[in-house]
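**Student:** Residue numbers (the working numbering), protein chains in the order written: chain A, 1 to 239; chain B, 240 to 714.
To be clear, the hints were calculated from the coordinates, so they are not data collected in a lab.
Watch out, some of these pointers could steer you wrong.
Derived BS3-like pairs (lysine-lysine); straight-line CA-CA distance at most 30 Å [what the hints assert, rightly or not]:
id : chain 1 : residue 1 : chain 2 : residue 2
1  : A       : Lys80     : B       : Lys468
2  : A       : Lys110    : B       : Lys623
3  : B       : Lys282    : A       : Lys80
4  : B       : Lys285    : B       : Lys540
5  : B       : Lys632    : B       : Lys285
6  : B       : Lys459    : A       : Lys12
7  : B       : Lys285    : A       : Lys110
8  : A       : Lys12     : B       : Lys537
9  : A       : Lys11     : A       : Lys212
10 : B       : Lys540    : B       : Lys459
11 : A       : Lys12     : A       : Lys103
12 : A       : Lys212    : A       : Lys110
13 : A       : Lys81     : B       : Lys708
14 : B       : Lys282    : A       : Lys103
15 : B       : Lys558    : B       : Lys708
16 : B       : Lys468    : A       : Lys81
17 : A       : Lys110    : A       : Lys204
18 : A       : Lys80     : B       : Lys632
19 : B       : Lys558    : A       : Lys110
20 : B       : Lys285    : A       : Lys81
21 : B       : Lys517    : B       : Lys447
22 : B       : Lys285    : A       : Lys11
23 : A       : Lys110    : B       : Lys517
24 : B       : Lys558    : B       : Lys447
25 : B       : Lys382    : B       : Lys517
26 : B       : Lys517    : A       : Lys81
If you anchor each label on the Cβ, the simulated ranges turn out as follows [what the hints assert, rightly or not]:
id : chain 1 : residue 1 : chain 2 : residue 2 : range
27 : B       : Asp677    : A       : Pro77     : 42 to 48 Å
28 : A       : Gln36     : B       : Lys507    : 16 to 22 Å
29 : A       : Gln36     : B       : Thr538    : 25 to 31 Å
Cβ coordinates follow ideal geometry from the N, Cα and C atoms, glycine included.
Now for the letters of each chain:
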Amino acid sequence: APVHLMADSLKKAKIVVLGDSGVGKSSFVHLICHRQVLTNPSWTVGCNVEVKVHEYGKALSTSQSYFLEFWDMGGSPAYKKGRSIFYSNTNGIILVYDRTNRKSHDHLPKWMSEFHCSQQGGASTSKTSKQGLGFFSDSRGSLAYDPESFADQGVPVMIVGTKGDCARSASLSSNITGAIEINLDCNSLSQLTFDSQQTTELNKFFDKVIEKRYFPSYHMSNTGLGERHRSVSKRVSLN
Amino acid sequence: MVVGESEAVVAPGYGFGFVLDSTMMIITQALFFAFGWLFFMRKLFKYYEIHNVVIQLLFSVTITLSCTMFELIIFEIIGFLDSNSRYFHWHINLYLMLVVLIVIIPIYFAQQVVNAVRVVQRWKMGRFLPLAIWMLFVYFFWKIGDPFPILSTKHGIFSIEQLISRVGVIGVTLMAVLSGFGAVNAPYTYMTYFLRNVSENDIQGQEKRLHQTTDMIISKKKRIALAEKQSLAFEGESAAKQSGMRKVWNMFSGANPNSSENIGALQKEVGALEELAKQLYVEFVDMLLQKERVAYSKTFKGKYFDVLGHFFSIYCIYKIIICTVNIVFDRVGKVDPVTRGISITVNWIGLQVDVEFWSQHVSFILVGVIVVASIRGLLITFTKFFYAISSSKSSNVIVLCFAEIMGMYFVSSVLLMRMNMPEDYRVIITEVLGKELDFSFYHRWFDVIFLVSALSSIGVLYLVHEHTKDRKMSS
């Protein structure tokens with residue numbers, strides 16, 4: 001069959017890639033989609049979209065192809081205003097931080113809140129309106145973000161730490177519950193070979209995104225009460 | 240002063256009073272150092288982790304030395320501290336400043352750059368490269384002084400005046416460029432006359448166009464992805480069936496016999512669309528900014544800035560005229576604004592004022608305002624530039640550059656400030672920086688560069704303004 005007909009018939013899922021400027025989002029997306037290292041990365045202006053064909057249900061006998069769209073946002077603060085128009089209809093979030101730069105890790109909750117504010121229409125940022133989203137006032141009276149209460153209603157999140165071979169300190173733990181986390185090196189393809197641990201985690205995440213979008217009942221029955229109790233709730237405050 | 244008197248003053252001048260004054264100076268210097276340190280940590284490196292503390296140290300040291308210079312001028316005006324201590328501290332501060340600006344920062348900068356370049360790391364001689372670069376820097380630094388009639392070579396080569404004269408030239412050029420641009424940019428930014436009105440329709444139209452372009456990019460990339468996948472499968476299956484030549488031909492032409500897609504052509508189209516998308520996005524963000532500015536201009540603060548902008552534009556035109564006059568008629572103001580202002584007050588208005596008292600206080604306020612405004616202005620400009628152009632790899636090198644520029648800038652602002660002070664207070668600057676320096680040269684140089692910078696800024700801003708107006712009308 002001609003390819004352009006097929007392209008419209010395959011279903012798609014949209015994944016948004018967020019993180020501070022210079023952490024390596026564009027390189028990471030390029031690595032996943034093209035299996036090649038990006039040779040001269042330049043600053044992302046606006047939004048770069050890359051597409052990958054993902055086989056859902058590889059283990060099963062009936063595997064279906066889906067398009068995964070990776071929307072790689074330019075992270076620099078100057079472009080903050082325009083970003084929110086790209087956040088609609090998102091089915092998955094990948095947060096990227098730089099393992100040599102602790103501050104890019106500390107800014108991850110801010111990216112989550114930017115994403116959620118845009119989902120709310122971006123208009124009001126008062127405390128009461130945020131409480132519906134899983135924000136609450138903690139004992140100090142500041143606005144804290146409870147990822148657990150939003151994890152069930154929200155989109156699947158994955159955290160990627162890049163530049164692992166250049167990092168000096170040990171890996172940083174994430175405070176965002178329900179998120180899968182992997183660590184990558186700058187320029188090596190070897191970690192994304194067919195059966196490496198990172199690839200398995202990535203594929204698990206992609207499956208989760210597609211499930212959430214197209215088979216919500218299936219997903220709900222899998223994330224039963226057992227998982228909720230197992231996951232440790234950590235609160236992240238956003239000041 | 241009788242000789243005996245001055246002798247009696249000098250000897251105990253280096254006794255207890257000196258120790259007290261020095262303690263005072265050291266305390267204030269510690270405060271400046273803390274300010275520089277915190278500024279570096281909180282503002283400059285807001286998004287990066289500080290790996291290299293030496294750079295933070297050098298930056299804070301440069302700020303400390305600069306602020307000390309200004310502090311000493313103010314002390315000179317108000318007569319605080321003993322004059323011998325002041326002279327002593329001036330000299331020490333200046334020596335240190337020159338050592339930092341000419342030796343320490345350039346060598347460290349060269350070392351950082353050399354370390355970042357991977358090719359050099361394997362050379363054995365790589366260790367000497369920073370030194371060689373530094374010597375090159377010193378050579379060019381020396382050469383800068385040649386075309387300018389700054390000094391006679393009476394005093395020999397390695398005197399302070401030679402060094403200060405060159406630092407002064409670089410710094411004055413920087414100051415004039417920044418002033419020229421600032422003088423033109425301030426009215427342009429503040430005045431609502433230049434604001435373009437952006438309607439909701441424009442913004443929504445732009446957003447729609449952006450979404451359309453992104454969707455087109457996505458659909459083309461989907462086709463490419465599928466075609467690539469199929470061609471991989473195809474290669475795997477029938478690799479044995481094809482002859483070698485046919486395989487090579489397929490590889491080069493990008494054509495896939497199994498599908499009707501031409502991957503190469505699609506990729507070119509995608510490239511063009513991505514460029515368009517970037518352009519649209521930049522315009523979109525610009526429109527959002529304009530809308531905010533229009534809304535801000537209707538507020539009270541906005542109106543205040545608008546009025547301020549009108550004053551600035553008058554000041555800017557006045558300065559340009561004065562500079563042209565100065566250059567054409569080759570005149571340098573001999574009388575500083577303070578004394579002139581007071582003499583005008585006395586002669587025209589007829590008020591009887593105590594000239595010395597007022598000249599001291601007015602100079603103090605004027606110099607204070609200039610110092611604070613220039614430090615603040617420079618730091619804010621740096622921070623903006625730093626956020627715009629730095630990345631996590633280049634941040635160290637850029638900060639060192641800034642520290643060097645900042646040091647030179649402040650040394651030359653001391654040089655130029657001399658003209659703003661009454662005769663009595665100019666003495667210390669003349670004494671310390673060197674009696675042989677031709678100060679009037681620097682003022683003329685400042686006027687020339689200021690004029691050039693202001694006129695080119697006007698030209699550039701005009702072109703940008705017209706370009707965006709055209710684009711808006713055609714869209």
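**Student:** Now tell me, hint by hint, if it's right for this structure.
**Tutor:** Hints and how they fare:
| no. | hint | verdict |
| --- | --- | --- |
| 1 | A:Lys80 x B:Lys468 | 35 Å, violated |
| 2 | A:Lys110 x B:Lys623 | 21 Å, holds |
| 3 | B:Lys282 x A:Lys80 | 19 Å, holds |
| 4 | B:Lys285 x B:Lys540 | 28 Å, holds |
| 5 | B:Lys632 x B:Lys285 | 15 Å, holds |
| 6 | B:Lys459 x A:Lys12 | 14 Å, holds |
| 7 | B:Lys285 x A:Lys110 | 14 Å, holds |
| 8 | A:Lys12 x B:Lys537 | 45 Å, violated |
| 9 | A:Lys11 x A:Lys212 | 13 Å, holds |
| 10 | B:Lys540 x B:Lys459 | 48 Å, violated |
| 11 | A:Lys12 x A:Lys103 | 33 Å, violated |
| 12 | A:Lys212 x A:Lys110 | 24 Å, holds |
| 13 | A:Lys81 x B:Lys708 | 22 Å, holds |
| 14 | B:Lys282 x A:Lys103 | 13 Å, holds |
| 15 | B:Lys558 x B:Lys708 | 29 Å, holds |
| 16 | B:Lys468 x A:Lys81 | 37 Å, violated |
| 17 | A:Lys110 x A:Lys204 | 25 Å, holds |
| 18 | A:Lys80 x B:Lys632 | 22 Å, holds |
| 19 | B:Lys558 x A:Lys110 | 46 Å, violated |
| 20 | B:Lys285 x A:Lys81 | 20 Å, holds |
| 21 | B:Lys517 x B:Lys447 | 14 Å, holds |
| 22 | B:Lys285 x A:Lys11 | 42 Å, violated |
| 23 | A:Lys110 x B:Lys517 | 25 Å, holds |
| 24 | B:Lys558 x B:Lys447 | 46 Å, violated |
| 25 | B:Lys382 x B:Lys517 | 44 Å, violated |
| 26 | B:Lys517 x A:Lys81 | 15 Å, holds |
| 27 | B:Asp677 x A:Pro77: 42 to 48 Å | 46 Å, holds |
| 28 | A:Gln36 x B:Lys507: 16 to 22 Å | 19 Å, holds |
| 29 | A:Gln36 x B:Thr538: 25 to 31 Å | 51 Å, violated |
Hints 1, 8, 10, 11, 16, 19, 22, 24, 25 and 29 from the list above are not met by this structure, while the remaining hints are.
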